[in-house]
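Novice: Numbering follows our numbering, in which position 27 of the sequence shown is assigned residue number 156; successive positions increment by one, without gaps.
Any given hint could turn out to be false.
[Stated by the list, open to error] Simulated DEER-style distance windows between Cβ atoms: (1) His201 x Ala144: 26 to 34 Å; (2) Leu158 x Ile202: 43 to 51 Å; (3) His201 x Val155: 33 to 41 Å.
[Claimed, not checked] Under the rule of at most 25 Å between Cα atoms (straight-line distance), these lysine to any residue pairs were calculated in the SDA-like manner: (4) Lys177 x Tyr150; (5) Lys177 x Ile188; (6) Lys177 x Asp164; (7) Lys177 x Ile196; (8) Lys177 x Met161; (9) Lys138 x Phe152; (10) Lys138 x Pro159; (11) Lys177 x Ile143; (12) Lys177 x Ile163; (13) Lys177 x Ser156; (14) Lys177 x Gly187; (15) Lys177 x Val147; (16) Lys177 x Asn167; (17) Lys177 x Lys138.
The set of hints was computed from the structure by calculation and includes no laboratory data. Every residue, glycine too, gets a C-beta built ideally from N, C-alpha and C.
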Amino acid sequence: MASDANVGKIVFVIAVSVFLYYFFWVSILPFMLIDEGNLIHSFFPPLKYAFILPATFGIVFLGGIAIFTLYHIWDFITA
130 MASDANVGKI VFVIAVSVFL YYFFWVSILP FMLIDEGNLI HSFFPPLKYA FILPATFGIV
190 FLGGIAIFTL YHIWDFITA
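Construct all of the structure, not just a fragment, from the sequences and the given hints.
Specialist: Shown next, in the form of structure tokens:
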């Protein structure tokens, strides 16, 4: 069984890795003067997805919170 400290370290490393990947994808990759067929471009999807994916996840997250909240307060609303 993993301790809380080890789980926290794993979550932290994953979060930092995702942040650095996204930061490089959005902030650095568009300004690199390399051709589209380069190996670096094969590690990243097209740039338009850099804004579509977070927006989609944000809508799903906020919708989930709204549904969760309505589910738990429905008795107070209909009473």
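Novice: Hints first: check each against the structure and report whether it holds.
Specialist: Quick rundown of the hints versus the structure:
1. At roughly 28 Å, the beta-carbon separation of His201 and Ala144 lies within the given 26 to 34 Å, and the hint holds.
2. The hint said 43 to 51 Å for the Cβ distance between Leu158 and Ile202, and at roughly 44 Å that hint holds.
3. The hinted range of 33 to 41 Å is satisfied by His201 and Val155, whose Cβ atoms lie roughly 36 Å apart.
4. Pair hint Lys177 plus Tyr150 holds up; C-alpha atoms about 15 Å apart against a cutoff of 25 Å.
5. A threshold of 25 Å between alpha carbons decides the hint, and for Lys177 with Ile188 the separation of about 17 Å falls inside it, so the pair holds.
6. For a cut-off of 25 Å, the pair hint linking Lys177 to Asp164 stands: about 18 Å separates their Cα positions.
7. A C-alpha spacing of about 29 Å is found between Lys177 and Ile196, which places the hinted pair above 25 Å, so the restraint is violated.
8. Only pairs whose Cα atoms come within 25 Å are accepted, and Lys177 paired with Met161 is accepted, the gap being roughly 16 Å.
9. Taken as a hint, the Lys138 and Phe152 pair is honoured in the structure, with Cα atoms around 21 Å apart against an allowance of 25 Å.
10. Using a Cα cut-off of 25 Å, the hinted pair Lys138 and Pro159 is violated, with the two alpha carbons roughly 31 Å apart.
11. For the proposed pair Lys177 and Ile143, the alpha carbon gap of about 23 Å is at most 25 Å, so the pair holds.
12. This hinted pair checks out: Lys177 and Ile163 have alpha carbons roughly 18 Å apart, not beyond 25 Å.
13. Of the pairs offered as hints, the one joining Lys177 and Ser156 holds, with about 13 Å between alpha carbons and a cut-off of 25 Å not exceeded.
14. For the suggested pair Lys177 and Gly187, the alpha carbons sit about 16 Å apart, so the restraint of at most 25 Å is met.
15. Simply put, Lys177 and Val147 have alpha-carbon atoms about 18 Å apart, close enough for the 25 Å limit, and the pair holds.
16. Distance restraint check for Lys177 and Asn167: the Cα-Cα separation of roughly 18 Å lies within the 25 Å cut-off, and the hinted pair is therefore satisfied.
17. Straight-line distance between C-alpha atoms of Lys177 and Lys138 comes to about 32 Å, which puts the hinted pair past the 25 Å bound.
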